[in-house]
Amino acid sequence: MSPIYLDYAATTPMDPRVAEKMAACLTLDGNFANPASRSHRYGWMAEEAVETARRQLAQFINADVREIVWTSGATEANNLAIKGVAEQHSIKGKHIITSTVEHKAVLDPCGYLQSQGFEVTYLTPQSDGRILASQVQGALREDTILVSVMYVNNELGCINPIKEIGELCREKGVLLHVDGAQAIGKTPVDIQADNIDLLSICAHKFYGPKGVGALFVKRGVKIAEQIHGGGHERGMRSGTLATHQIVGLGEAIAVAQAEFKEEEARLSALRKQLLNGLQELDGITLNGSAETCVPGILNMSFADVDGESLLLSLANLAVSSGSACNSATMAPSYVLKAIGLDDNLAHASIRFSMGRYTSEEEINQAVTSVTTAVRKLKGMAA
Numbered sequence: 001m002s003p004i005y006l007d008y009a010a011t012t013p014m015d016p017r018v019a020e021k022m023a024a025c026l027t028l029d030g031n032f033a034n035p036a037s038r039s040h041r042y043g044w045m046a047e048e049a050v051e052t053a054r055r056q057l058a059q060f061i062n063a064d065v066r067e068i069v070w071t072s073g074a075t076e077a078n079n080l081a082i083k084g085v086a087e088q089h090s091i092k093g094k095h096i097i098t099s100t101v102e103h104k105a106v107l108d109p110c111g112y113l114q115s116q117g118f119e120v121t122y123l124t125p126q127s128d129g130r131i132l133a134s135q136v137q138g139a140l141r142e143d144t145i146l147v148s149v150m151y152v153n154n155e156l157g158c159i160n161p162i163k164e165i166g167e168l169c170r171e172k173g174v175l176l177h178v179d180g181a182q183a184i185g186k187t188p189v190d191i192q193a194d195n196i197d198l199l200s201i202c203a204h205k206f207y208g209p210k211g212v213g214a215l216f217v218k219r220g221v222k223i224a225e226q227i228h229g230g231g232h233e234r235g236m237r238s239g240t241l242a243t244h245q246i247v248g249l250g251e252a253i254a255v256a257q258a259e260f261k262e263e264e265a266r267l268s269a270l271r272k273q274l275l276n277g278l279q280e281l282d283g284i285t286l287n288g289s290a291e292t293c294v295p296g297i298l299n300m301s302f303a304d305v306d307g308e309s310l311l312l313s314l315a316n317l318a319v320s321s322g323s324a325c326n327s328a329t330m331a332p333s334y335v336l337k338a339i340g341l342d343d344n345l346a347h348a349s350i351r352f353s354m355g356r357y358t359s360e361e362e363i364n365q366a367v368t369s370v371t372t373a374v375r376k377l378k379g380m381a382a
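Every letter in the sequence shown is one number past the one before it in my numbering, and letter 21, counting from 1, is 21.
There could be a bad hint or two in this list.
Capping the alpha-carbon separation at 30 Å, the derived lysine-lysine pairs in DSSO-like fashion look like this [unchecked claim]: (1) K261 - K210; (2) K218 - K104; (3) K83 - K163; (4) K210 - K104; (5) K378 - K272; (6) K92 - K222; (7) K222 - K172; (8) K94 - K222; (9) K94 - K83; (10) K218 - K94; (11) K210 - K94; (12) K104 - K94.
Calculated from the structure, these hints are not laboratory results.
Full structure from sequences and hints, please.
This is the structure:
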């Protein structure tokens with residue numbers, strides 16, 4: 001029997017509709033050409049396909065098409081935003097604000113900048129994993145040039161008050177970068193209403209292909225390019241555009257937009273079903289916010305259970321004990337540690353993330369598997 005896939009926050013399977021669109025951009029009889037080849041019909045067609053996807057993404061987040069810069073994913077987008085702002089605006093100041101629960105694709109660039117003479121303030125989240133605007137306000141200084149706060153936490157699913165943080169940054173003349181990898185397709189994102197200056201996007205988090213993403217750069221915001229060679233994407237990101245991947249991202253966005261409300265309601269029901277089913281167990285704790293969260297992520301701790309043994313007992317479930325980027329380490333999740341969990345409880349925590357192809361029956365099976373495993377392990381420990 002194949003395991004039940006409940007790790008959609010790590011990556012989503014590609015939607016067949018996306019794969020079909022991409023396949024039409026790979027061979028000689030398809031739309032395979034270099035979008036930068038403007039001297040023949042093949043190049044024009046490829047450029048048109050790329051610009052169609054750019055419009056689809058821009059419309060989804062309420063941006064202008066000229067504000068979308070294609071990247072290889074959210075990791076590159078985060079690096080471009082953070083390092084690009086730091087290098088471009090270092091004359092104004094060298095202070096950056098972020099949080100201790102950001103993805104490594106934000107924390108590591110910030111750490112690199114510290115080695116280059118920048119100062120970074122790391123905000124500690126509330127017990128539900130959220131960063132409040134008041135915390136950002138308390139950390140702002142005259143030399144602050146950038147605030148980088150994720151929209152949705154990848155381990156907890158909690159949603160940060162980006163609009164309020166954005167209003168504060170706009171008032172103080174500080175740029176706001178938002179890692180939106182876990183937000184696009186899961187919660188409404190409007191860069192105008194949210195006062196966002198830079199937004200990182202990743203296609204494989206919303207049923208598109210791996211290896212492609214984008215950075216929204218608000219018109220008028222200047223950032224230093226990090227990849228040189230050809231001046232593509234208005235000089236912000238050089239490199240031949242991957243037509244098939246960009247088309248895939250565009251189609252994934254189009255599907256997400258068409259099915260957003262229906263999918264949100266369905267995933268909310270599945271999350272409630274899973275949570276209610278696990279409530280029968282003693283010693284469980286919900287990590288994150290019960291209300292201010294995306295519907296597809298549920299992080300639970302199981303007290304008095306060895307974490308490694310629990311994961312080994314759930315061989316039929318594809319779940320995570322943290323974010324995918326840290327799954328190779330034995331250290332407890334730094335996100336769970338930041339919200340107050342001790343090592344044992346952090347190790348005995350599981351992130352369940354559901355998606356487009358998760359069924360009610362699979363949730364029932366997951367509840368049965370977890371309940372059986374936890375009770376067995378507690379019986380062995382007694």
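Now for the hints, and whether the structure bears them out:
no. : hint        : in the structure
1   : K261 - K210 : holds (25 Å)
2   : K218 - K104 : holds (24 Å)
3   : K83 - K163  : holds (23 Å)
4   : K210 - K104 : holds (18 Å)
5   : K378 - K272 : holds (25 Å)
6   : K92 - K222  : holds (13 Å)
7   : K222 - K172 : holds (17 Å)
8   : K94 - K222  : holds (16 Å)
9   : K94 - K83   : holds (11 Å)
10  : K218 - K94  : holds (21 Å)
11  : K210 - K94  : violated (33 Å)
12  : K104 - K94  : holds (20 Å)
Checked against the numbered hints given earlier, the structure breaks only hint 11 and satisfies all the rest.
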